[in-house]
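Visitor: Those sequence lines, one after another, are chains A and B.
Mapped onto full-length UniProt numbering, the consecutive letters of the first sequence carry residue numbers 1 to 246.
Mapped onto full-length UniProt numbering, the consecutive letters of the second sequence carry residue numbers 1 to 225.
Careful, some of the hints might be misleading.
As the list claims (entries may be wrong) - Below are the SDA-like pairs computed for lysine to any residue, each with C-alpha atoms no more than 25 Å apart in a straight line:
no.: 1; chain 1: A; residue 1: Lys67; chain 2: B; residue 2: Met217
no.: 2; chain 1: A; residue 1: Lys111; chain 2: B; residue 2: Ala126
no.: 3; chain 1: A; residue 1: Lys96; chain 2: B; residue 2: Arg220
no.: 4; chain 1: A; residue 1: Lys242; chain 2: A; residue 2: Asn230
no.: 5; chain 1: A; residue 1: Lys96; chain 2: B; residue 2: Phe149
no.: 6; chain 1: A; residue 1: Lys237; chain 2: A; residue 2: Gly41
no.: 7; chain 1: A; residue 1: Lys160; chain 2: A; residue 2: Glu189
no.: 8; chain 1: A; residue 1: Lys136; chain 2: A; residue 2: Arg120
no.: 9; chain 1: A; residue 1: Lys96; chain 2: B; residue 2: Glu127
Derived from the structure by calculation, the hints contain no laboratory data.
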Amino acid sequence: MTEPLVVLKDVQKHFGDLHVLKDINLEIGKGEVVVVIGPSGSGKSTLCRAINRLETIESGTITIDGKTLPEEGKALAQLRADVGMVFQSFNLFAHKTILDNVTLGPIKVRKVKKADAEKRAMELLERVGVAHQAQKFPAQLSGGQQQRVAIARSLAMDPKVMLFDEPTSALDPEMINEVLDVMVNLAKEGMTMIVVTHEMGFARKAANRVVFMADGQIVEENTPEEFFTNPQSDRAKDFLGKILTH
Amino acid sequence: MGEILRDYDVLGAFWMTIYLTFFSAIGALVIGTILAVMRVSPVSVLRAAGTAYVNVIRNTPLTLILVFCSLGVLYILEINLADPQSPTSIRDNAIRWAIVGLSVYHAAFVCEALRSGVNTVPLGQAEAARAIGLTFGQSLTQVIMPQAFRGAIAPLGSVLIALTKNTTVASIIGVAEASGLMKEIMENETASFAVFLLFALGFVILTLPTGMLFTWMSQRLAVKR
């Protein structure tokens, strides 16, 4: 593995009585694509959101590129700018055009000039295949298009690592592939990615490693091929048995 | 009726109503926005202060607030908002304190309208704003408040209509607005019923278009999700 970019050490979190993250230790190397899978309620989304502190943790440390996640404030905002995040529900800014969605971060956070930000935004929109929709509003686009814009919005910040929190779970089946294609290309270009997903095809095609979570714990970690063909734990066997039989 | 319109400055009185409404609306919007930001801020002291303001002011009669501004602040504490030496100082002080009182009072309602607007903005919008590295202030000004204002247009319109009508309370501290003139005319003349209708019509002319404009804007500017 290359040098670690994201390191989670002894991370613990509760939601009330529920222990959602139990002794999480995980290292993600530069350029690595890690897919996190597991049954719902296993804590995989929480894990993903904890990495840019949308969820706070109770103990343990999370470091990104050597820097520990700071407390809420300017320093945290700066760190988040380096961590792209793609949500299940897209979360495009509903009152802004597609183009403005992509340029907002670069202009306000990176202080890029408007013209430069727009030029780069158009390149990114071109890359994800929605450049011709640049002047529309999010509600006018399909889910798949919105999610690709969300990816472009994250890319516009030149993130060191990108987090995907179930990016295709809210999409109609025929739109899933257009989003996955963009993600596969990103992976090929060497982007460091942490992807929470149920898309086994994506995991097989693009992931370097699969992390299987259940009940707040990392139960098993392996290469996709090993994991899918030869799972070690009973929990993983049970889970794969349920989802792969259909 | 013609005599009344000739002998009394009805248009001037309604102009004062518009004047009070305009400046009080701006004041209420500014204070109300600050209060709304306080009430949604992560700082508990600010939240508590905002809540206390709204609870105290919203539950106090406007008459009390204006009388307090006039008798309490102006005459007892002697805080002037106009040069006391100027020949129009009594009139100017009354108008300006009326604007302050109206602003302070309606700010509580603007705050609640905006807060209901903030509640129309899904949590994911704030998360996405933070995730691209915007600070709390930037998330608020770039993402949350623009959407909250659009979601709050209809209730803000109701506040503005209420404000227009509530300017009549300013007559009790001596501001010569429409209702004050109506009382004066009714005391001096006999055509009471016609006078009443005249002034009622005047207020409808002011508020009806306001309501229609805000309804139109709330549909036009609504954030499509």
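Visitor: Taking the hints in turn, state whether each one holds.
Guide: Structure-based check of each hint:
no., hint, result
1, A/Lys67 - B/Met217, "47 Å, violated"
2, A/Lys111 - B/Ala126, "20 Å, holds"
3, A/Lys96 - B/Arg220, "15 Å, holds"
4, A/Lys242 - A/Asn230, "15 Å, holds"
5, A/Lys96 - B/Phe149, "14 Å, holds"
6, A/Lys237 - A/Gly41, "18 Å, holds"
7, A/Lys160 - A/Glu189, "13 Å, holds"
8, A/Lys136 - A/Arg120, "18 Å, holds"
9, A/Lys96 - B/Glu127, "16 Å, holds"
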